[in-house]
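K.L.:
The primary structure of each chain is shown beneath.
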Amino acid sequence: MSFVARRGNTLVLAICVLIALPVVTRNAVWTDSAALLGIYALLALSVGLSYGQAGILTLSQAAFASLGAYAAAICTVRWGWPPLADLPVALLLPALIAFPVARLVARLSPLATALSTLAIGSIIAIAIRSADDFTGGYMGIAGVPSIGFVKAPASYAWLIWAMVVIVVFLYENLCHSAYGRALNVLRFDQARAAADGVNPPMLVSAAFAISSSIAGVSGWLYAHYISFVSPESLDAHLSISALLMAVVGGAEFILGPILGTLLLDGLTRLLPAAELQGVYYGIALIVILLVARRGIFGLIEGGLAQVRQLRRSRSGEVTALEIEASRP
Amino acid sequence: MIHFVEYVLRGALAGAIYALLAAPMSLLFATARTIDFAVGAYALIAAAVAATIGGIAGAEAGLAAAMLSAAIMSLIFVGLKRLGCEDGIVFALASFGLSAVIESFVLWYWGARSFIVSYVAASWSLGGIRLDQQGLFNLLIAAIVVVILHVVVRHSSLGRMMRASAVNAVGATLAAIPVEGLQMGVYLAGGLLAGLAGLLVLYSAGIDFTAPLGLTLSGFGAAIVFGVGSPLRCLFGGIAMGVAQALASGYLSEALSAMTPFLFILLVLSMRPADTEALAGGRP
Amino acid sequence: MSGGLVAKGMEVSFGGVRALRGVDIVVSPGAVMGLIGRNGSGKSTLFNCITGFVRPSGGRVSVDGKDITGMRPHQVVAKGVGRTFQTPRLEARTSVLTAVTCGLYASVRSSLVGALFGSPWAMREERLLRERAEAEMERLGLANLRHVEVGKLSLGLLRLVEVARCLVSGARFVMLDEPAAGLTSVEKDKLAAEVRAVAARGLGVLLVEHNIDMVRQLCRSVAVLETGNVLCQGTPDEVLRNDDVIRSYLGALGDIEDAAGGWQ
Chain A
1 MSFVARRGNT LVLAICVLIA LPVVTRNAVW TDSAALLGIY ALLALSVGLS
51 YGQAGILTLS QAAFASLGAY AAAICTVRWG WPPLADLPVA LLLPALIAFP
101 VARLVARLSP LATALSTLAI GSIIAIAIRS ADDFTGGYMG IAGVPSIGFV
151 KAPASYAWLI WAMVVIVVFL YENLCHSAYG RALNVLRFDQ ARAAADGVNP
201 PMLVSAAFAI SSSIAGVSGW LYAHYISFVS PESLDAHLSI SALLMAVVGG
251 AEFILGPILG TLLLDGLTRL LPAAELQGVY YGIALIVILL VARRGIFGLI
301 EGGLAQVRQL RRSRSGEVTA LEIEASRP
Chain B
1 MIHFVEYVLR GALAGAIYAL LAAPMSLLFA TARTIDFAVG AYALIAAAVA
51 ATIGGIAGAE AGLAAAMLSA AIMSLIFVGL KRLGCEDGIV FALASFGLSA
101 VIESFVLWYW GARSFIVSYV AASWSLGGIR LDQQGLFNLL IAAIVVVILH
151 VVVRHSSLGR MMRASAVNAV GATLAAIPVE GLQMGVYLAG GLLAGLAGLL
201 VLYSAGIDFT APLGLTLSGF GAAIVFGVGS PLRCLFGGIA MGVAQALASG
251 YLSEALSAMT PFLFILLVLS MRPADTEALA GGRP
Chain C
1 MSGGLVAKGM EVSFGGVRAL RGVDIVVSPG AVMGLIGRNG SGKSTLFNCI
51 TGFVRPSGGR VSVDGKDITG MRPHQVVAKG VGRTFQTPRL EARTSVLTAV
101 TCGLYASVRS SLVGALFGSP WAMREERLLR ERAEAEMERL GLANLRHVEV
151 GKLSLGLLRL VEVARCLVSG ARFVMLDEPA AGLTSVEKDK LAAEVRAVAA
201 RGLGVLLVEH NIDMVRQLCR SVAVLETGNV LCQGTPDEVL RNDDVIRSYL
251 GALGDIEDAA GGWQ
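Those protein sequences? They're chains A, B and C, same order as listed.
By the working numbering, the letter at position 190 of the first sequence is numbered 190, and the numbering carries on one by one without gaps.
By the working numbering, the letter at position 133 of the second sequence is numbered 133, and the numbering carries on one by one without gaps.
By the working numbering, the letter at position 10 of the third sequence is numbered 10, and the numbering carries on one by one without gaps.
What the hints contain is simulated information worked out from the structure, not anything from laboratory work.
A portion of the hints provided could be inaccurate.
Unchecked claim - To spell it out: a stretch of chain A is covered by chain B in this simulated footprint if at least three of its residues, at any positions, have a beta carbon under 8 Å from a beta carbon of chain B; those stretches are:
1) 116 to 123
2) 132 to 145
3) 243 to 253
4) 289 to 296
Positions of the beta carbon are idealized from the N, C-alpha and C atoms, including for glycine.
So here's chain A without its partners, still in its complex pose:
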């Protein structure tokens, strides 16, 4: 398989971004929406990696994002670091918390693991809210500087979506590696994976740590773009929204979470009454679970497979059974 074929998702996304962003950034409101959508897309991608690949139903991604956001705010505003110098902190801090927690709970049942992520997310949120002198408590931290060369909202939109493309590129690399395959096996049968030589809790934890780093980056972008963070900026409800976006789009597909974000968050921006967002999200989720449990991408893939099957049976191509019969 060639380089290009193994990076189909990255290419598709890059082309879509290159086509859509120049149009979108002509309008100031759309530009802002595009930037925020990109941030949410990163968050949903982190859910995709964690839930879709590693099988951890995560409810702590917004907490990891707020770690990234506060890392940015504290490093630049309190300690006067130049922007960009805080990126490694925003990447590593969430991972350093996520990894040991995952090691602790990765061997539990999926339900218990999900609850543990919810618990750790809540603990992080409370810690941030109550560490007044450090995080500014309920007031938050204002005046986070913009990232050097990037100042205008349009440049932020470009930066954020460039980051989305980069993350998708890395994600796709992972999926096509031995580790990605092992995660896929793990999700179906941990014993089978262990017999391949995989250390399941270790690999799952590593994937969860990477996913939390992605969330950290989205928080980092958020802090620099909005220039303000508070406990309300990235609260527990965003964790749930990100999960819903990923599931609706198709958590196990690389681009599924991004599609879900565009559909759920993009469309709510067109709806009246922002308060009804939850109604819309919740119903979308329940309908998707009932109609297409693997998300919209799953629906598309199922359809494509059917078409392929139909075409194959028409053209009289050899089927698996015939191959089997012809085996020496």
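Chain A is already provided as a structure; the job is to place chains B and C on it using the hints.
P.N.:
Okay, now just chains B and C, sitting in the frame of chain A:
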């Protein structure tokens, strides 16, 4: 010392409400191997409706609203099952969806205000310790409900069927036990008890649209502290958690007190005592 | 005795029930060792004990003299002991090639970070893995199934894919968990031929099986388990003539030929 006793008593009273949320959770986990994340939302909708209508009629309407919500959840559950879903995590995910719908509906219809109604503001003084009557009333209600549940589960034929389907759902189905009906019933009971908890919260500390997630988690924490399995354990779990919370807030910090339920959950799950094995196990 | 896969005095108890009570078994390179016994006799427990899925409460397991007792499954694989599953839960849409490539996990050298960034090193290794997987599939006659989804395979082919997945890891000892269960007689013959070929390459095979015919065809030596003890051990013919074995293992059915076809 007097402070310590006061914290313990207050915590015990506050924890009673967790027990009401915890009891149906442990029943649901036992019979359907899943968690209903929407219980906190049932409590919210019950409180919101009851506060709006007021009085006894309000309380009844609130309970009805909570049960209606739970009925919707049980229908979603059955729908998913009919479509061939056996994965507990998917039911849990769907309950998140319903929870989001209810919270958002409350926010849209009533706004971001918090609901609080005080009927009994009086309190008794016991050797210098003030105990509010509403709190004692809450504990009494929780204890009665939990004891009734315990008797039903342990000593009735309904309970026997529930225990049978908890141990082996397929076997129970073959023995002509209506497993799916039981599971739906447990969802409904969850709605009723969560609605009751919502009313009690409404009459004591008050509730707003952001509360459901915290309530659900507190209930879950109470359900697993002493092992999922029996309603009585949920009562003790709820009380233990309330006490721990009150002590943390009295001696340590408000933040640690808020973290208590979550620390409980992490601690219990990572230690995996024998009774939570059913919840914790499943992976080699 | 240091060569081969040696399990000595294996003991396991589950909450007071003693599933294994001091079992000895040796798998030598180039030979197929059979392990038979009734349901609940401890076959699977012994199997899981050796492969690290169950922690023994007593006894020693060693591979070529190196102690592997109590190691976790992935560590056991790294020591060259591979296993198959009777009915692995696989994602139905995985291709056969991908499934076999999964078996190479233990030999992957590039790091997770390297894989993430798609380093040239990792990419080269990825190509190498695929070549090794294809070579193994070629040897087992699976080459033209490369792109077929595992969900579409017959049970017989699925078991063969399992064997390929196990072999490709470079295992020197291969544990087969009832590979013939549910196969048609044609499939059984094919599988038996492949297992024989595997042993001929110098690998040691432990065959846990209900199917007496298969055991008789393949094994040089057979151990019979009964309530956690080795009842008797020897060549298949010796073992099947042993009165104790006939009483224990075949008592209910009486007729050996019956058992061969109809057991479980």
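K.L.:
Each hint should be assessed against the structure and marked as holding or not.
P.N.:
How the hints compare with the structure:
1. 116 to 123: The restraint on the segment 116 to 123 of chain A holds, since 6 of its residues have a Cβ under 8 Å from chain B and three suffice.
2. 132 to 145: violated (count 0)
3. 243 to 253: holds (count 3)
4. 289 to 296: holds (count 3)
The structure fails hint 2 only (numbered hints given earlier).
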